[in-house]
Structures are given as structure tokens and as C-alpha cells.
Amino acid sequence: MLKKPNLFKRIFMICCGPGKHQLLRVSLFCIFLSLLAGSVLLLLLGKNPFEAYRSILQGAGILPKTRYAGKKSQLTDFMSLLNYTTPMIFAALSVAVALKSGIFNICVSGIMVFSGFIATILVGYSSLAPIIAKPLVVLIGVVAGGLIGVLIGYLRHRFNMNEVVVAIMLNYIISYVVSFFIQTRFVDPITRQSVEVGQNARLTLFDYPIMNLKMEINLVFPLALITVFLIRYFITRTRFGFELQAVGLNSKASNYAGINVGKTVITTMLISGSLAGLAGVSYYLGSNASIQPRVLPALGFDSIAVALLGNTSAIGSFFASLLVMIFDSGTTYMSSRMQVLREIAALITSILLLFSAIGIFFRALANRYAREVEEV
Amino acid sequence: MDTLVEFRHITKRFPGIVANNDISLSIQKGEILAILGENGAGKSTLMSMLFGMQIPDEGDILIRGKKEHISSPLVANDLNIGMVHQHFMLVENQSITENIIMGIEPKKRYFGLFPYVDIQSSKEKVRELSKQYQLEVDPESIIEDIPVSTRQRVEILKMLYRNAEILIFDEPTAVLTPQEIESLLGIIKNLRDSGKTIILITHKLDEIKKIADRCAILCKGKMVGVFDVASTTTQEMSALMVGREVSLTLSSTEHKRGTEVLRVEGLSVETNEHIRKVDKVSFTLHRGEVLSIAGVAGNGQVEIADAIAGLLPVKEGAIFLAGKDISGCTVRERIESGVAYIPEDRQSVGLILDFPLRENLCLKQYYQDPYSNSRGVLQKQEMESLAKQLISTYDIRSGSGVNTLARSMSGGNQQKAIIAREINLQADLLIFVQPTRGLDVGAIETIHKKIDELRAQGKAILLISLELDEIMELADSILVLYNGKVQTIKQASEMTKLEVGEYMMGVHVEKA
Chain A
524 MLKKPNLFKR IFMICCGPGK HQLLRVSLFC IFLSLLAGSV LLLLLGKNPF EAYRSILQGA
584 GILPKTRYAG KKSQLTDFMS LLNYTTPMIF AALSVAVALK SGIFNICVSG IMVFSGFIAT
644 ILVGYSSLAP IIAKPLVVLI GVVAGGLIGV LIGYLRHRFN MNEVVVAIML NYIISYVVSF
704 FIQTRFVDPI TRQSVEVGQN ARLTLFDYPI MNLKMEINLV FPLALITVFL IRYFITRTRF
764 GFELQAVGLN SKASNYAGIN VGKTVITTML ISGSLAGLAG VSYYLGSNAS IQPRVLPALG
824 FDSIAVALLG NTSAIGSFFA SLLVMIFDSG TTYMSSRMQV LREIAALITS ILLLFSAIGI
884 FFRALANRYA REVEEV
Chain B
13 MDTLVEFRHI TKRFPGIVAN NDISLSIQKG EILAILGENG AGKSTLMSML FGMQIPDEGD
73 ILIRGKKEHI SSPLVANDLN IGMVHQHFML VENQSITENI IMGIEPKKRY FGLFPYVDIQ
133 SSKEKVRELS KQYQLEVDPE SIIEDIPVST RQRVEILKML YRNAEILIFD EPTAVLTPQE
193 IESLLGIIKN LRDSGKTIIL ITHKLDEIKK IADRCAILCK GKMVGVFDVA STTTQEMSAL
253 MVGREVSLTL SSTEHKRGTE VLRVEGLSVE TNEHIRKVDK VSFTLHRGEV LSIAGVAGNG
313 QVEIADAIAG LLPVKEGAIF LAGKDISGCT VRERIESGVA YIPEDRQSVG LILDFPLREN
373 LCLKQYYQDP YSNSRGVLQK QEMESLAKQL ISTYDIRSGS GVNTLARSMS GGNQQKAIIA
433 REINLQADLL IFVQPTRGLD VGAIETIHKK IDELRAQGKA ILLISLELDE IMELADSILV
493 LYNGKVQTIK QASEMTKLEV GEYMMGVHVE KA
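Chains A and B supply the protein sequences, listed in that same order. Mapping of the first sequence onto this note's numbering: residues 524 to 899, in sequence order. Mapping of the second sequence onto this note's numbering: residues 13 to 524, in sequence order.
In case anyone wonders, no lab produced these hints; they're calculated from the structure. Glycine included, each C-beta is placed from N, C-alpha and C at the ideal position.
Dumping the calculated SDA-like pairs for lysine to any residue here, alpha-carbon to alpha-carbon at most 20 Å:
| # | chain 1 | residue 1 | chain 2 | residue 2 |
| --- | --- | --- | --- | --- |
| 1 | B | K79 | B | N89 |
| 2 | A | K532 | A | L547 |
| 3 | B | K497 | B | A309 |
| 4 | A | K786 | B | L324 |
| 5 | B | K78 | B | E18 |
| 6 | A | K786 | B | Q377 |
| 7 | B | K392 | A | Y756 |
| 8 | A | K775 | B | T342 |
| 9 | A | K786 | B | Y379 |
| 10 | B | K216 | B | T245 |
| 11 | A | K786 | B | R344 |
| 12 | B | K78 | B | I67 |
| 13 | A | K775 | B | Q359 |
| 14 | A | K775 | B | D357 |
| 15 | A | K786 | B | V389 |
Which residues of chain B face chain A? A partial, calculated answer using Cβ under 7 Å:
| # | residue |
| --- | --- |
| 16 | V343 |
| 17 | I347 |
| 18 | V361 |
| 19 | D366 |
| 20 | K376 |
| 21 | S384 |
| 22 | G388 |
| 23 | V389 |
| 24 | L390 |
Please build the complete structure, drawing on both the sequences and the hints.
Okay, here's the thing in C-alpha cells:
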């Protein structure tokens with residue numbers, strides 16, 4: 524009784540099966556599935572899914588809207604998208620780098636709060652000249668984030684503590700300690716958040732007039748782009764990248780080959796932490812200007828799914844960040860234009876994140892089918 | 013005798029190779045049939061078709077004269093076919109009984125309502141079976157507490173519990189010590205005498221000679237023939253299986269001992285769980301010498317190797333390499349000062365399975381000139397040319413050259429890759445741990461020749477092996493370890509195999 528794979532299996536294997544560009548195909552398949560699931564949701568609500576997706580793209584500045592308010596255009600929408608994407612790129616890179624070395628860094632949120640807070644109180648409330656203040660903010664982000672990263676790496680290496688547990692605890696510790704200081708020292712009595720940082724320290728220029736338009740210009744977006752390529756080069760081409768991957772794939776064999784596993788783990792977490800720190804400053808002193816006490820940024824957790832959607836590669840993380848943020852920033856426009864509740868619109872982003880996190884499962888499943896077919 | 017199993021013109025193809033090419037074979041009831049062949053000759057494929065893990069592309073399998081389509085191990089089970097795999101399939105933290113009944117648990121109901129597994133009667137049945145076939149086990153022991161040989165018995169009991177009539181053993185002796193092998197061979201004979209039919213996949217000729225009735229030889233996917241074991245010599249068998257004449261014993265020439273390379277003084281090693289595995293061991297090793305550490309598995313041999321290579325910390329004592337104490341050095345410092353190490357576990361220690369061959373062949377040199385430049389950037393071209401050179405020199409076979417993932421290579425080729433990498437380090441000291449484990453005669457011959465060659469070049473070689481034959485063949489001097497203590501160190505020529513075996517069992521105690 525020869526078993527021929529059914530049509531569904533065959534299509535699934537074309538999408539996710541082993542072969543050329545399998546990782547990319549799986550990611551695209553995940554995106555497709557989430558769009559499909561979103562369509563079902565929208566159809567249930569009686570909305571036209573194509574129209575809805577178009578409005579998401581319009582909202583994100585990828586497609587032109589029919590009408591624009593004064594001093595706004597497709598370009599301003601697009602620049603706003605880049606502004607919100609920047610912290611996500613850093614956060615996703617942070618997760619991706621750690622995962623390459625076999626470490627699950629879920630402390631991105633905590634590190635973001637920490638580095639954002641340190642930069643806020645050290646530079647955000649100062650009256651330094653912008654030309655000094657802004658680079659200083661970036662530097663503080665890198666250092667503060669790196670410190671937390673090293674702490675996690677050290678605890679894991681020295682005491683063999685599970686980094687996930689450490690990270691969860693650190694998230695809480697950072698969140699509560701920071702909110703203690705905000706509420707006792709830096710609180711804005713009206714918003715109940717930390718006092719807004721000065722324009723001199725912000726990494727995003729809001730309402731910046733260019734060509735009769737009011738633009739949001741994220742000054743660290745170019746840095747994010749450069750970082751993507753740097754990380755890629757670093758992981759695939761350098762000696763340390765070799766060690767990082769070796770340790771991630773097999774730490775026993777790495778130790779046998781003379782690689783200093785502890786040093787590699789700690790250095791990896793230094794880099795991962797620094798990237799999370801950059802995400803923190805570009806979030807709290809960029810797209811936002813204040814810190815909400817006792818709230819960990821959802822972006823830090825979303826970045827895990829984003830990094831997975833991007834196959835933990837640097838370039839992949841960049842495109843996945845962009846895609847998720849297109850959804851994220853486009854849904855606001857969609858909800859107003861299609862008269863869909865904002866929550867429903869946000870749900871579509873969540874579905875995308877959900878499906879992107881299970882790409883690994885699809886890959887494993889497709890590989891299993893492929894083996895079955897081979898055997899038959 | 014009746015024919016129990018018949019393969020008729022079986023062909024099985026895998027992408028790129030024909031694993032079994034038109035094989036016909038019939039197996040008689042109540043015999044021990046050995047299936048002999050090199051790695052990749054198609055032995056396992058043929059048997060996995062009988063056990064339902066693979067399905068033949070062409071040809072038929074007849075069981076008791078009836079054509080059967082064995083589509084899964086469950087079907088095989090129903091046909092009373094059982095298999096003991098090379099890697100045991102047991103749940104570590106369950107008891108022997110639980111493992112044996114798994115999948116066919118006898119169920120009873122409390123008050124005729126609540127189902128539960130009737131472990132009590134199963135225990136009795138296991139006990140009975142173990143008595144009947146002289147396979148002593150305690151049905152209540154937990155798998156993780158019992159030694160490898162007992163685990164194998166559990167696997168055999170698992171088949172018997174399922175009323176298997178045809179028992180397939182896939183290289184059952186690969187993991188056993190010489191004494192355990194003896195007792196296993198006894199068990200297999202017993203099983204045959206009580207009417208079971210045994211198929212034994214192996215590449216150890218002496219075992220076949222000892223117990224098998226007939227021997228089917230496969231070579232490169234083709235059936236060479238079925239031979240009567242009693243009237244065929246081991247020389248003939250190995251020639252047929254390799255397709256060429258193999259010299260079973262090396263003509264090891266006398267070498268002059270050179271200067272001292274390694275000196276171990278009062279070495280004690282503890283595992284990470286603070287169990288003392290090596291107790292005050294001292295020895296010296298010279299250029300042009302093969303020192304072999306003999307011992308039953310788990311008596312501290314591997315820990316000595318790990319301590320010299322730096323993978324385990326030295327608890328007491330010192331290790332001198334060319335007169336310099338290296339016991340405090342990092343792994344990398346030791347590699348650089350001339351220690352090459354072929355570890356016991358080639359898959360989880362020796363290689364990074366998800367790295368391509370190129371990276372694996374450079375695993376210990378990637379950071380040095382010319383594989384990395386002074387700014388820490390890898391030079392992939394250089395790595396590739398090294399890998400290509402090693403692949404051709406050592407005849408490492410792989411699907412897609414330097415880009416093949418180590419995971420997809422066969423065990424023999426994985427081992428060749430490790431040996432190639434380590435020899436290429438040009439170290440003065442080479443530590444080989446079980447270098448030929450699980451390899452076929454051809455590969456073993458290559459590795460033994462290589463070791464002999466290295467000795468001739470004046471390298472110092474520490475050979476740790478569980479195969480006494482290998483030790484007797486290669487070693488210049490033999491150190492026997494028992495319970496982490498040195499029993500004796502002697503010139504190989506001063507000891508017989510039997511004596512070494514006695515020392516290994518702790519029978520012979522050296523008088524001071």
C-alpha cells in the first residue's frame with residue numbers, strides 16, 4: 524500500500540519543505556498564513572480584507588492615501604514608520620544575536636527600560652547642547668544595556684543559572700526599581716509618567732519642517748541600518764562570530780576545540796545587551812519621550828517573535844521588523860477608515876507575531892513529511 | 013529446516029545510491045545468520061526493511077512462505093519480528109518492567125471502572141521470561157541505574173515479551189566489554205537453542221566464527237554470497253566483505269623509543285559530581301611509542317584522556333608535556349603546545365554536527381593565520397583549501413564536499429574527519445579514544461595503519477580502547493586500569509591477551 528502524500532501535504536511541502544531558501548520560504552508561508560487568518564477575522568466582521576490590508580499599507584506610508592491633512596503626505600507617514608521601526612530593529616537584533624549563541628534573551632524589555640531610564644536622568648533632563656547630548660544618549664544606551672547583558676551572561680556561565688529565569692526576574696527588578704525612582708523623583712503629576720526629556724536629548728526630531736511638510740526624523744535609523752550589516756558581517760565572517768555560533772550549536776565540542784565558552788557567552792550577551800540598550804534609548808528618548816512606570820514595553824517581547832520570523836539572521840530581523848511595524852502603525856489608520864475597533868486591528872498584528880513564532884514547527888513538520896515521502 | 017524469511021530480489025534506492033541491489037536471501041528457522049558487510053554495505057537497510065522501517069522499491073519479502081507488506085514496525089511486531097537496535101530505545105527514568113510492557117500494557121479496572129496498568133502481573137511475567145532465557149534482570153530496577161549490558165538484556169526481553177520469533181540484533185557487541193560480549197554470545201546461543209531465529213548484523217569476524225551458523229556477506233549493496241561459517245576462514249570472509257585482501261595483523265616493526273613526551277604523575281581526577289574516577293595514576297610516554305590504556309569501560313580511561321586534554325580539572329598530581337607542567341593550562345594552550353585528541357564521543361564532542369565539514373575541519377585552527385587575519389576576520393578561502401586537502405588526503409566521503417553538514421555524514425566518515433583534523437595539528441602527542449568503535453574492517457585497517465605510521469614518524473600515542481585485540485596489535489606498552497587505579501604497566505610483549513584480561517577484571521593484583 525503505497526501512500527501518496529495528499530494535496531495539502533504536497534502544497535505544504537512546496538512551501539516549507541527542504542531545499543533552496545527553505546528558511547525564507549517558511550517565513551513567507553507564516554506571513555501568508557497570518558494574512559489568511561486575518562482575512563477570516565475581517566470577513567467575520569463583514570469587512571473586505573483586501574480593502575483592510577490596503578488601508579494598513581496606506582496608513583504605514585507604503586501606498587498613498589486618498590486625502591492628507593495639512594503638512595502631511597505619504598512621505599511623512601513613511602518617515603513615521605521608520606521612526607517606530609528603529610527600536611524594533613535593535614531589539615530583534617538583540618534577540619537574534621543571543622539566539623545564535625544558544626541563549627534565549629527575553630530581558631530585552633527590562634534592558635530597554637533600564638537604559639532608557641539611565642539616559643533619561645543623566646542626559647534627558649540636562650541642558651547639554653544637542654550635538655553632545657544625542658551621541659551621549661546613544662553611548663549610555665550601549666553601555667547600560669551591555670552591563671545588564673554581561674550580568675546575565677556571567678550568571679549563566681558562572682553559576683549555570685538558566686538565562687530565562689534570570690531574565691524574567693531582572694525584568695521585574697528593573698521595572699519596579701525604575702518605577703520607584705520615577706514615582707518618587709521624576710514623575711509628571713499630570714501624565715503620571717516620567718517628566719518628558721528635553722528636545723536636546725531626543726533621538727527623533729518631531730514636526731521637523733522639510734519641503735513644507737512636518738516630518739518625524741529618527742536620527743538613529745541610519746545607525747540601525749549600519750548595525751544590521753555590521754552584525755551580519757560580525758556573525759558570518761569574523762573569528763568571534765565563528766565561536767559564537769559554535770558555542771550555540773554545541774558548547775561541549777566548542778570547549779573541546781579550545782574555545783573559551785564562558786568568555787563567548789558573556790561577550791555575546793554584552794553585544795545582545797548593548798543592542799537592547801540601543802532599542803531602549805531609541806524608544807524612550809526617540810519615538811517616545813517619557814517612561815511609563817511599572818510597564819515593560821511590549822516591543823521587547825514582540826522582538827522575540829520578530830527575530831524568529833527573520834530566522835535569527837540580521838537581514839531577516841530587519842525585514843521582519845519592518846513588516847511587523849507596517850502592521851503596527853498601519854492598523855490605526857485601518858481602524859478609523861474601516862470602522863474596525865482598534866483592538867481588532869491590533870489583533871491582526873498579534874496573529875502575525877503568533878504565526879511567525881511557529882515557523883520552526885512548520886519547518887520541522889515539512890522535514891518530517893519529506894522524510895516520509897522519501898521512505899515510501 | 014523450514015524457510016522462515018525469504019527476501020526475493022530486493023532493491024532499495026536512496027537519493028544518489030543503491031543501498032540494496034537485487035538481494036535474495038532465505039533464512040531458516042532456528043539458525044543464527046550473520047549479516048556481514050562494511051559500513052554502508054546495506055546491512056542495516058536490508059534489516060530495516062524486514063522490521064518495517066523502510067519499504068523495498070522492488071522485490072518481495074516472504075514470511076513463513078506468505079508474501080507480506082511490512083509497512084511499519086507494528087506490522088513486523090505482529091509477524092513476530094523483533095529488533096535490538098544499536099542505540100537502545102529505553103526510557104531512562106522508568107523501571108525495567110515499565111519499559112518492557114510499554115505500548116502493550118496489560119490493563120485492569122478498579123471496581124470494573126477505573127482503568128490502571130497491571131504492573132504486578134507484568135513483573136511476574138518479566139521475571140519468568142528472564143528465568144526461562146537466563147537473562148537475569150531485576151524487573152524493578154530503573155534503567156538509568158543499570159549498566160549497558162543489562163540494558164541490552166532489557167531490549168532482548170522486550171522482544172521476547174512480544175513473542176518475537178525472529179530476533180534481529182544490530183551490532184549488539186559494539187557497546188560491550190569483552191566479558192559482556194562473551195555472555196551475550198551465550199545468550200544468543202541459548203535463544204537459538206530454544207527455537208528462535210537470530211539475525212546478527214555485525215562486522216566482527218570472530219563473533220561470527222564463534223556463534224553463527226551461516227553468514228551472508230554484503231558488499232556495496234550487493235549480495236556476495238551466503239557461506240557456511242564452519243568451513244570459511246575469517247581471512248576469506250573479510251576479503252569477501254571488503255572486496256580485497258585485508259591484512260588482519262599489522263607487521264609492526266620495532267621502533268626505538270625517543271625522548272619523553274608525556275609524563276603523568278600521581279594524577280587524580282574527579283567527575284563534575286565529585287566521584288573519583290582516576291586515582292593517583294602515573295606513567296610516561298615517549299616519542300615513537302604507543303601506550304595503550306586497557307580496562308573495562310568506565311574504569312577511568314576516558315577521564316585520564318579528558319584530564320590531559322583539559323576537559324576535566326586535575327584534582328591531584330601533575331601532567332608534564334615535554335617537561336612543562338600543563339595541568340593548569342586552558343584547553344587551547346594545551347592544543348597549541350601539542351596535544352591532539354580524538355575523543356570517545358565523536359558526535360557530541362568531536363564535531364559540531366550542524367557545521368559544514370569545512371568549519372569542522374578547521375575547528376581547532378580557525379583563529380590562526382592563515383585562517384583568520386590579524387583583525388579577526390575569517391579567511392573562508394583558506395579554510396576551504398585546507399578542508400579540500402584533508403578530504404582528499406584522508407578520503408573523507410561526503411555528499412556535497414566541504415559544504416556537507418557533519419550531521420549527514422556516516423559514522424566512519426565523521427571519524428575520518430576528526431582524525432584528519434587532529435593529525436593535521438602536527439602535535440607530538442595524540443590521544444586516541446576508541447578510534448575504531450563502530451567502524452568496519454576497511455576503516456579500522458586504515459586507522460590502524462595511520463597509528464602505526466604516526467609512531468614511525470616519532471609521535472607519542474596514547475591509545476585508549478575497549479578492544480583487546482586492537483590493543484594487543486598496536487601497543488608497545490600496556491597500562492591496565494581497574495577502578496581508576498593502575499593495575500600494571502608492562503611492555504606489550506611481556507603480556508598475553510589473557511593476562512591483560514585478568515588485570516582488567518582486577519583478578520591479578522600487582523605485587524609490590
